[in-house]
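**Student:** Sequence:
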Amino acid sequence: MSLSKKDGGLPPDEVVQTEEEILADSQRVIEKFHDYKPFAMQRVVLAPCSPFSVTENLLRESIKLARNYKVESHTHLAETKDEDEFCQETFCLRPLDYMKKVGWLGDDVWFAHCVHLNEKEINLLAETGTGVAHCPVSNQKLASGAANIPYMLKKKVAVGLAVDGSASNDSSNMIAELKSALLMHCLIYGISSMSAEEVLAMATNGGRDILNQPEIGSLEEGKAADMFLINTKRLGFAGGLSDSVSALVTSGDSQIVDITIVNGKIVVRDGKLVTIDEDKVAEKANKISQKMIEG
Numbered sequence: 001m002s003l004s005k006k007d008g009g010l011p012p013d014e015v016v017q018t019e020e021e022i023l024a025d026s027q028r029v030i031e032k033f034h035d036y037k038p039f040a041m042q043r044v045v046l047a048p049c050s051p052f053s054v055t056e057n058l059l060r061e062s063i064k065l066a067r068n069y070k071v072e073s074h075t076h077l078a079e080t081k082d083e084d085e086f087c088q089e090t091f092c093l094r095p096l097d098y099m100k101k102v103g104w105l106g107d108d109v110w111f112a113h114c115v116h117l118n119e120k121e122i123n124l125l126a127e128t129g130t131g132v133a134h135c136p137v138s139n140q141k142l143a144s145g146a147a148n149i150p151y152m153l154k155k156k157v158a159v160g161l162a163v164d165g166s167a168s169n170d171s172s173n174m175i176a177e178l179k180s181a182l183l184m185h186c187l188i189y190g191i192s193s194m195s196a197e198e199v200l201a202m203a204t205n206g207g208r209d210i211l212n213q214p215e216i217g218s219l220e221e222g223k224a225a226d227m228f229l230i231n232t233k234r235l236g237f238a239g240g241l242s243d244s245v246s247a248l249v250t251s252g253d254s255q256i257v258d259i260t261i262v263n264g265k266i267v268v269r270d271g272k273l274v275t276i277d278e279d280k281v282a283e284k285a286n287k288i289s290q291k292m293i294e295g
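For the sequence shown, the UniProt record's numbering begins at 1 and goes up steadily by one.
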């Protein structure tokens, strides 16, 4: 973040950095950590926080740096009405028009949220190949609104499913996100506006599309072995196996996952992460949280 409150932005003055610091460190991180190889498990994306927390020049220079190094770019956009008002008052532009002005449209860019976009703006996303990360639980928790995902899918916008972060989601439960996405859009746009299959496709191939990683997203020969396995004999699935996708989307949560495999490596077994000690991590996190509360 580079646009502090004293300079017309929203972040507190003490948490921002200079443009020079941000760009230099972004370049350092790309050069040190980004892996360009197919099936890479470590990639860097440049992600200025939002239009109200960074300067116009940083947005321009960040996208220029990303394209020079051929890495993706991401930010939060059109999440709340406040953001829309901020952009119109500050830049005399709606959020997406502002991003167009600073060069932030293309198939190497995706935006989180996109709640407050009209159909003309969604058409622009489709025309430019710009992606959207849909965060239904976060949008509901913050009462931000509901993105018009049915219209985005109709116009072939690349839409992936995401959880945002712990500040507005808490559990980051991807399977619960499936159910939330389905039910929210059925409530707002009608019972037939979205299917369980479309929601699952967002969470798999949709993520592949916005990340520009053709080697993931589906189980096919030559692609990464990414999958999760569940025991459908659980009581929660009883009577629903005639439509297994719908059963997963409407009856599942992360606790039902028995095994998760990422790029051929088992990372969850019997519902527990095998890469860390979950109890120790939770204990450490609770201690840190308590210190923050106590000040």
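Read the hints as simulated data drawn from the structure, not as lab findings.
Misleading hints may appear alongside valid ones.
As the list claims (entries may be wrong) - Now the in silico label distances, taken between C-beta atoms and shown as ranges:
hint: 1; residue 1: Asp277; residue 2: Ser246; range: 20 to 26 Å
hint: 2; residue 1: Ser246; residue 2: Thr90; range: 43 to 49 Å
hint: 3; residue 1: Gly106; residue 2: Ala146; range: 21 to 27 Å
hint: 4; residue 1: Glu19; residue 2: Asn286; range: 32 to 38 Å
hint: 5; residue 1: Lys156; residue 2: Ala24; range: 53 to 59 Å
hint: 6; residue 1: Pro38; residue 2: Gly106; range: 29 to 35 Å
hint: 7; residue 1: Ala146; residue 2: Leu229; range: 38 to 44 Å
hint: 8; residue 1: Lys6; residue 2: Gln140; range: 29 to 35 Å
hint: 9; residue 1: Ser171; residue 2: Arg67; range: 16 to 22 Å
hint: 10; residue 1: Tyr69; residue 2: Ser242; range: 45 to 51 Å
Small disclaimer: the values here were computed from a predicted structure and weren't measured.
Virtual Cβ for every residue (Gly too), placed ideally from N, Cα, C.
**Student:** Which of the listed hints are not met by the structure?
**Tutor:** Violated hints (numbers, rising): 1, 5, 6, 7 and 9; every other hint is consistent with the structure.
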